[in-house]
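S.K.: Protein sequence lines correspond, in order, to chains A and B.
If you use our numbering, the first sequence corresponds to residues 1480 to 1869, in order.
If you use our numbering, the second sequence corresponds to residues 252 to 608, in order.
No wet-lab data here; the hints were simulated from the structure.
Where is the CB? At the ideal position from N, CA and C, for every residue including glycine.
Be aware that one or more of the hints could be misleading.
Where chain B lies over chain A, by a calculated footprint (3+ residues, C-beta under 8 Å) [as the list claims (entries may be wrong)]:
#1 1717 to 1728
#2 1747 to 1758
#3 1810 to 1817
Partial pick of chain A residues on the chain B-facing surface, computed with a CB cut under 10 Å [said to hold, decoys possible]:
#4 L1672
#5 T1677
#6 S1682
#7 G1683
#8 D1686
#9 I1687
#10 N1691
#11 V1693
#12 L1734
#13 H1737
#14 Q1802
#15 S1833
#16 P1835
As a plain string of letters, each chain reads:
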Amino acid sequence: MSAYRVGIIGYGGFGQFLHHAWAGMSEVTITAVADQNPVNRPRDERIKFYQHWEELLRDQGVDLVAIATPPATHAAIACAALEAGKHVLIEKPLATTIADAERVVETQRRTGGLAAVDYMLRYNPLVVGLAELSREKILGELRRVVVENYAQDEVLPPEHWFWRREISGGILIEHAVHFIDLVHLLSERTPTLIQGVTHQRSSGQEDIVCANVVYDNGLIATHYHSFTRPGFFERTTIRLGFDLGEIELEGWIPLRGHLRALVDDKAGAELQKLPGLRVVEARDVAELVDESRPEGWGNTSTEALLSRGQVQCRGITYQVERQVQAEFGLNASKQEAYTASLRALLVDLIKQISDPSHRPKVSLEDGLKSLVIAVQAAATAQRSLYDAAD
Amino acid sequence: MPQIKVGIIGYGAFGRFLHQAWEKLPDLAVTAVSKRRLQPGGLGAIKVYPHWPDLINDPAIDLVVIATPPNLHAEIACAALKASKHILIEKPLATTISAAEQIIRTAEGLPLVASVNFILRYNPIVEALIAICHSGVLGQLRRFAVENYASDSGLPLDHWFWDQEVSGGIFIEHAVHFIDLANQLTDQHPVAVTAFAHRRNPRQEDQVLASVLYSGGLMATHYHHFARPHHLEETSIRLSFDRGQIEISGWIPLAGKLVAMVDPDEIGPLAALPGFKATAEPGHLTATFGINRSKEEIYADCARALMMDLITAIRRPGHRPRVTLADGLSSLLTAVQAREASRQGSHPVVRTNGAPG
């Protein structure tokens, strides 16, 4: 099998990073790039360079197009690429409007080309393990997801397209979609309510956003993103609250995490799905004292009916044996983990070219589902801004 | 100086806890309690009034502590003030704005001490945090995020906690503690409140979430969840500043950690955190802090510190207790707005042709 030929449209920082990540893979060869700025012409002269992306789409030596341009241009390029018979991988977000995103979905269905959104977090081994634990309800129901993301703005000068809502869509659309998609990976719940809040610094740059999303059956997600920090002080945490445990991931590319959970033997074994799991402490539930109630609310008549190892919350009785605390993590740098995820995503996508029955871990529909929430959060956030100004 | 004579109305587990904490204080004596259902055995020298108006009319009593369910606070507080008693009201001040305003109007102009039991304010970690925020050493406070996973093991279906007519619901009964805390950390004022609530069944609203945007861009999130096994109770409060980040844990904060970009000669306000241990790293420092005592002990200490603050105010006109009725009203206002927003805040999800499900 010869390698699939990939063209990259948008060869700025991220396009070049994609190239770097995919270089040396046996499954693909980067044969062409397009960028309107000639300064970005690659040094490798075997790679064709186009200043107009339309020319790259006419290149018969390209099978798959990776779209790494600013968000508002994604849909037009993706549709044209599909019409030209190319497969496409679209950097997130799929588009900046629902109408644009639906146009891509419609074009994909009509042309039959392969298309996916670059939700590379889905290929991070920590996320893969977590998704299995969550979907199999090893720690009971997922009730809470909190993303706290304090990002740097040092490399985002005021004139950067990131700050221009008509190009980026704003932080909720440009950035939060990664994590909205992550919630959808962890749970199949249906969103019922969405509300965003936004803050603009005096220059008019929207630099802090917070969106709350309520799903049916009591899953509530909070997405907080601020772009106000110096570079070395970037921090991202993702906290997951289950009925029987809590897990916290660190890093926007999650590299490590820790957990506390009530488990029985089976659930304890399932935790091994998390890479590099190391149990720090395990205690029999019978040894644990209830320190929860200095206020002494109410009686404990219902608890008296529980037998050994049973715990109750939300009216659900669970059988558990131990409380464990554990750490886990990847033995990789952020760069390595990021690269590995981008490679795994591409391999997963092209596998479908030779095997149409193969279902990649990420689809165009995933891109649309998360965008719908982001667009609505952004719209309600704009309204909150006007409320606040009144 | 004569002992302050205290009467406690509402002598459930919480009232008993306060009583026990205050027994160590020589400056006061609890001389009466009021409780509807009398337990056999009595309380020795302490008078027990089945009807609270009788306690309020007991001429020996100087200070009335109101530890009843929230919807009774206002009526009892106003009656106590009219009987010339000093009052301490368990949070929330009341369950409605009009009831809270009625207490404030009643107290106006009277030479009486009236305060709300925002016990967190007397926690040494919280005291240091408030000072840090106002010192500006870490720059602007941008984010205040409470994640509170509480146990429902002690809250059977028939407990008043679940009855919103009685408790006001979680925003009003519980979140006010943390809304008050956020209000103390900033000079900004709330400008927008969005909120959600989840009901596990028609009678039990067990998860609430509010995001509060303040005038200078501070964004506060209050998440409270009463649905955990007690083993997994967890509360964390995260504060994010331009130049630092602080996380404290425990609903009665006992420990925490921080990262700060400060010069060594600026750490004064940070070093005031109890048990402060710092490690300097290039360009910043990381630190842990904590109080090496049990939650129970710290809680009781805070209850004593609060009571001594009130006693000082009673004895020395001009001394204002740390927590005012106005503080109780501000936090209640945000809590009521959150509850209203959660009830009407219906933003149906946009459906699209391409979206699955």
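S.K.: Quick one, is the D1686 of chain A hint okay against chain B at 10 Å, beta carbons?
M.R.: 8 Å, holds
S.K.: With a C-beta cutoff of 8 Å, work out whether three or more residues of the stretch 1747 to 1758 of chain A approach chain B closely enough for the coverage to hold.
M.R.: violated (count 0)
S.K.: Holds or violated: the hint that V1693 of chain A contacts chain B, with Cβ atoms closer than 10 Å.
M.R.: Since chain B brings a Cβ to about 5 Å from V1693 of chain A, closer than 10 Å, the hint holds.
S.K.: Hold the hint about L1734 of chain A up to the distance rule: shortest CB distance to chain B must be less than 10 Å.
M.R.: For L1734 of chain A, the interface hint is violated, since the closest Cβ of chain B sits about 17 Å away, which is over 10 Å.
S.K.: Would the stated hint for S1833 of chain A survive a check requiring a Cβ distance to chain B of less than 10 Å?
M.R.: Because about 26 Å separates S1833 of chain A from the closest Cβ in chain B, which is outside the 10 Å limit, the hint is violated.
S.K.: Does T1677 of chain A pass the interface hint, meaning its C-beta sits closer than 10 Å to a C-beta of chain B?
M.R.: Hint holds; T1677 of chain A Cβ to chain B Cβ min 8 Å, cut 10 Å.
S.K.: Tell me if the interface restraint on P1835 of chain A is satisfied: Cβ within less than 10 Å of some Cβ in chain B.
M.R.: This hint is violated: P1835 of chain A lies away from chain B, its Cβ roughly 20 Å from the closest one there, beyond 10 Å.
S.K.: Have a go at the N1691 of chain A hint: is there a Cβ in chain B nearer than 10 Å to its own Cβ?
M.R.: 6 Å, holds
S.K.: Counting residues of the stretch 1810 to 1817 of chain A whose CB is closer than 8 Å to a CB in chain B, do you get three or more?
M.R.: violated (count 0)
S.K.: Was the hint right that I1687 of chain A lines chain B, CB cutoff 10 Å?
M.R.: This hint holds: I1687 of chain A lies near chain B, its Cβ roughly 6 Å from the closest one there, short of 10 Å.
S.K.: Can G1683 of chain A be said to touch chain B, with a Cβ gap under 10 Å?
M.R.: With a closest approach of 13 Å, the G1683 of chain A hint is violated.
S.K.: Holds or violated: S1682 of chain A as interface residue toward chain B, Cβ cutoff 10 Å?
M.R.: 13 Å, violated
In the structure shown, a violation is registered for the earlier hints numbered 2, 3, 6, 7, 12, 13, 15 and 16, in ascending order.
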